[in-house]
Amino acid sequence: MPDARMAADVHNKGVFWEVKNGNLAPSDRLRQDRSDSPTPGLVEGTEPGAGQEGAMFVHAQSFEDLTAVSESNTDDNSAEVGDSNLESAQEAALEGGEEESLEAEQEEVGKEEVQSRKKAKEEDVTSETWRSHRKHVFVLSEAGKPIYTRYGTEEALSSIMGVMMLLMSIVEDKKNIIRSIHADGYRVVFLRKSPLILVGVFQTNCSDRELTRELQYIYYQIVSLLTLTQLNHVFQHRQSYDLRRLLAGSEHLTDNLLRLLDRDPGLLLSAVMCLPLASSARDMVSSSLQAAKAKNLVFSILLAGNRLVTLVRKKDQFLHHMDLHLLFNLVGSSSSFRAGEGWTPICLPKFNPAGFFHAHISYLEPASDLCLILVSTDREDFFNLSDCKKRFLERLRRRNAYQSLQEALNMPSYPVSQVGIPELRHFVYKSKSSGLYTSPDLPAPYQGEEELERLMGLYQQLHSCLHNPTRLLRYIYRCADTENLYALVTSGFELYLCFSPLGTKSLAVSAVNKLLKWIRKEEDRLFILSPLTY
Amino acid sequence: MTAMRVDAKVVMLGKESVGKTSLVERYVHRRFLVGPYQNTIGAAFVAKALNVSDKVVTLGIWDTAGSERYEAMSRIYYRGARAAIVCYDLTDSSSFKRARFWVKELQNCEEHCKIYLCGTKSDLIEADRSVRQVDYHDVQDFAEEIGAQHFETSSKTGKNVDEVFQKVADDFSSCALEFMQEEKGVDLEQKKDSYFDNCCHN
Numbered sequence: 001m002p003d004a005r006m007a008a009d010v011h012n013k014g015v016f017w018e019v020k021n022g023n024l025a026p027s028d029r030l031r032q033d034r035s036d037s038p039t040p041g042l043v044e045g046t047e048p049g050a051g052q053e054g055a056m057f058v059h060a061q062s063f064e065d066l067t068a069v070s071e072s073n074t075d076d077n078s079a080e081v082g083d084s085n086l087e088s089a090q091e092a093a094l095e096g097g098e099e100e101s102l103e104a105e106q107e108e109v110g111k112e113e114v115q116s117r118k119k120a121k122e123e124d125v126t127s128e129t130w131r132s133h134r135k136h137v138f139v140l141s142e143a144g145k146p147i148y149t150r151y152g153t154e155e156a157l158s159s160i161m162g163v164m165m166l167l168m169s170i171v172e173d174k175k176n177i178i179r180s181i182h183a184d185g186y187r188v189v190f191l192r193k194s195p196l197i198l199v200g201v202f203q204t205n206c207s208d209r210e211l212t213r214e215l216q217y218i219y220y221q222i223v224s225l226l227t228l229t230q231l232n233h234v235f236q237h238r239q240s241y242d243l244r245r246l247l248a249g250s251e252h253l254t255d256n257l258l259r260l261l262d263r264d265p266g267l268l269l270s271a272v273m274c275l276p277l278a279s280s281a282r283d284m285v286s287s288s289l290q291a292a293k294a295k296n297l298v299f300s301i302l303l304a305g306n307r308l309v310t311l312v313r314k315k316d317q318f319l320h321h322m323d324l325h326l327l328f329n330l331v332g333s334s335s336s337f338r339a340g341e342g343w344t345p346i347c348l349p350k351f352n353p354a355g356f357f358h359a360h361i362s363y364l365e366p367a368s369d370l371c372l373i374l375v376s377t378d379r380e381d382f383f384n385l386s387d388c389k390k391r392f393l394e395r396l397r398r399r400n401a402y403q404s405l406q407e408a409l410n411m412p413s414y415p416v417s418q419v420g421i422p423e424l425r426h427f428v429y430k431s432k433s434s435g436l437y438t439s440p441d442l443p444a445p446y447q448g449e450e451e452l453e454r455l456m457g458l459y460q461q462l463h464s465c466l467h468n469p470t471r472l473l474r475y476i477y478r479c480a481d482t483e484n485l486y487a488l489v490t491s492g493f494e495l496y497l498c499f500s501p502l503g504t505k506s507l508a509v510s511a512v513n514k515l516l517k518w519i520r521k522e523e524d525r526l527f528i529l530s531p532l533t534y
Numbered sequence: 001m002t003a004m005r006v007d008a009k010v011v012m013l014g015k016e017s018v019g020k021t022s023l024v025e026r027y028v029h030r031r032f033l034v035g036p037y038q039n040t041i042g043a044a045f046v047a048k049a050l051n052v053s054d055k056v057v058t059l060g061i062w063d064t065a066g067s068e069r070y071e072a073m074s075r076i077y078y079r080g081a082r083a084a085i086v087c088y089d090l091t092d093s094s095s096f097k098r099a100r101f102w103v104k105e106l107q108n109c110e111e112h113c114k115i116y117l118c119g120t121k122s123d124l125i126e127a128d129r130s131v132r133q134v135d136y137h138d139v140q141d142f143a144e145e146i147g148a149q150h151f152e153t154s155s156k157t158g159k160n161v162d163e164v165f166q167k168v169a170d171d172f173s174s175c176a177l178e179f180m181q182e183e184k185g186v187d188l189e190q191k192k193d194s195y196f197d198n199c200c201h202n
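Sequences listed follow chains A and B, in order. In case it helps, the UniProt record's numbering puts the first sequence at residues 1 to 534. In case it helps, the UniProt record's numbering puts the second sequence at residues 1 to 202.
Source of the hints: derived by calculation from the structure; they are not laboratory data. Hints may be right or wrong, so weigh each one.
[Claimed, not checked] 27 angstroms max Cα-Cα, derived DSS-like pairs, lysine-lysine:
{"no.": "1", "chain 1": "B", "residue 1": "167", "chain 2": "A", "residue 2": "293"}
{"no.": "2", "chain 1": "B", "residue 1": "48", "chain 2": "A", "residue 2": "390"}
{"no.": "3", "chain 1": "B", "residue 1": "9", "chain 2": "A", "residue 2": "389"}
{"no.": "4", "chain 1": "A", "residue 1": "390", "chain 2": "B", "residue 2": "156"}
Using the sequences and the accompanying hints, generate a full structural model.
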């Protein structure tokens, strides 16, 4: 059973820094005949976009996820039946605390001249703009020391973070756990991941589950830089340690991840988008990457911006989509890898939070968006991997695949009009078994940042309705002023559709079949159907 | 099995944001990128070939991240390095303290690695003398004490940047000549010539 093996790996601490090649393989799916006329009742593994040779990604959630889910379930319940006095007391404490702390901060402002943080960070935390941000995220240590804030500086917020810490301890003192506070359109969500505490203050009506997931991403982002082993080690050594020393320079990674969480449906759906590419070209790229292997190479990943071109992995080793998103984020938020060939330790926390992999990260050409990530277990492997990259490039060029790759990259993805469904503005389709999703270019009304985030927010709400553990839904249709939305989940896929306000429910329902047929027809191009291993 | 022929491994060390990447950018790509500060993640490797008298020497330059997070890893970057360019920010005295730390580390672990102290952002000093926090003569004394070379550079204007790397390559190649001398007995005159040439350049 994959879960059990995975669990074993998670607890396999291994050598301090190095990752062992744990076996994370889900049992390979049998090759199934592909159905010609897909229906919404498709079973997992036969839906459009399903891989032919089993999956590239870890399917099941890790042991940690599974236990975390059950925890949060029980807590959701307890929150509902929970003592309402306690909740309101907490709210009052928070409000009161905020005022107090704000007063205290004004005195401190003078001392904080010597700060090397970016301008965006130097926001006055007493100002109305600071308060009106839609999504605040704070990270602190169990000693209450500030580690990260999305807006403003940590120093200026030390007293607020102290209050958060206090809140947690008061509740924990009574053998309880504080999960969230709902008040006045705000949700304050707490996540304790020892030795860290994450708190989100959101202006949203998404479920706590969704919001906790976002905090988890931030937690794993920090682990990916340090490993859990090092994190624990540091705080065991000195509880009051200022973790910002070790995280210096990584704030923009976290900032960028928070932006991705607002804009990239992949993080919401636990899936990755592929670069649309003719299957012959993709196979050529994959096989070239497969041929350029090295002894300790575990994953070879070719990215085009935030889209996956191909992923080749060591046999029996699976990447978790979350780890892949963290890699996307690392590459996407730094120009550092354009300076030369990057060589960095990186922990893939879902694979194994205890140790570092070593990643060779470089762009195929200085001005290109194609970025190659080669992940090895050996920290001395730089020149071997550099050589792998060279061999890969030579092979690509010899077979003229580089050109077609570059062309595909320059083309826009595809307009939604190609599907030929009236009133359809946008959709997101995820094939569950492959962990890949596809989505057309954003149409005009959603191209601005604000509008994009609004659309993603709508999808997120639908997602949170469909996946509510106490009330699972199969589909949901929602009419709003500016668009009509239809979301559908089956054992094989998840689909989110956005129609103009002129769309009707019957149109939406009939669109599903048409869209599935279209995706089936195009799946060669939109998905990676035959993932390779070394 | 190496991907490229590299004659000498050169490592850039120093506190974060002193401008190690900018120095390499300026030297290798002849550019200075203006924009928000981007810290290096792990380390970046570039190979650069340059002429020393009539020979070509390829420097493999490891531009390391200054962040403390990577300190435990730093050994893999400087191990076996023939030269270390230890950078500090002329306008930040704490960065010089950090430079001393790296010098000590190198002296303990890599005795064959030549050290080049490099004060960065000299254009800021030229614009306003009062921002200087690290005295030229103090560093000069320190450099003599540890047998290091000392430069003050500006990646923005390009001042002294080529000189640092040229000196690294010259020293490497004359050092290599010394080795060769023992084995093959290379013409001493030739070496002297190139040595005097360098003096004139400086």
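Practice task
Please work out if residue 167/B and residue 293/A have their alpha carbons no farther apart than 27 angstroms.
Solution key: Status violated; Cα separation ~38 angstroms.
Exercise for the section: Please work out if residue 390/A and residue 156/B have their alpha carbons no farther apart than 27 angstroms. Expected result: Status violated; Cα separation ~32 angstroms.
Practice task
Given the hint that residue 9/B pairs with residue 389/A, test it: the Cα-Cα distance must not exceed 27 angstroms.
Solution key: holds (21 angstroms)
Exercise for the section: Mind checking the alpha carbons of residue 48/B and residue 390/A for me, to see if they're no more than 27 angstroms apart? Expected result: Holds: residue 48/B and residue 390/A sit about 17 angstroms apart, inside 27 angstroms.
This entry does not satisfy hints 1, 4, going by the numbered hints stated previously.
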